[in-house]
Amino acid sequence: MELTIAETSQLQQLRAEILGELDKDENNLYSEEEEENINEDENLNNKKSSAWNYFKLQISGKKICKNCSQEYGEKTGISTLKKHLYYKHNIIIDKIKNTQTTLNFLRVDP
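Counting in the UniProt record's numbering, the sequence shown runs from 1 upward without gaps.
These are computed hints drawn from the structure, not numbers from a lab.
Don't take each hint at face value.
[What the hints assert, rightly or not] Here are the simulated lysine-lysine pairs, PhoX-like style, with alpha carbons at most 20 Å apart: (1) 82 / 66; (2) 83 / 62; (3) 62 / 88; (4) 88 / 56.
Input sequences plus hints: build the corresponding full structure.
What follows is the structure, encoded as structure tokens:
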């Protein structure tokens with residue numbers, strides 16, 4: 001049995017609708033709050049500074065202090081967040097730049 005062009009078009013449209021509904025169901029597996037927490041965790045995993053342990057990163061890009069709920073905008077840098085931790089909570093976050101050790105032995109040339 002061969003399908004007409006109209007029937008083929010209808011089948012393709014029906015298939016697209018079904019796939020669209022499946023995508024919607026798949027996207028609704030988590031509540032909005034769970035989804036936001038998952039995205040926060042993914043974003044924070046990419047951050048290297050230990051200052052991020054004290055802030056929540058929202059999907060919108062806002063940063064919120066876990067200690068006092070102070071909000072910072074999307075473009076706020078890590079140094080501003082470190083200053084907040086220092087001045088408001090007396091928490092010092094320093095990045096150690098020189099972690100290479102020096103070996104104490106005499107150099108011997110061949």
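Has the given pair, residue 83 with residue 62, been kept, meaning a C-alpha gap of at most 20 Å?
-> holds (17 Å)
Would the pair residue 62 and residue 88 pass a check requiring their Cα atoms to be no farther apart than 20 Å?
-> The given pair, whose Cα atoms are some 19 Å apart, holds under the 20 Å limit.
Holds or violated: residue 88 with residue 56, Cα cutoff 20 Å?
-> The hint holds at about 17 Å.
Holds or violated: residue 82 with residue 66, Cα cutoff 20 Å?
-> Answer holds: residue 82 to residue 66 is near 13 Å, not above 20 Å.
Of the numbered hints stated above, none is contradicted by the structure.
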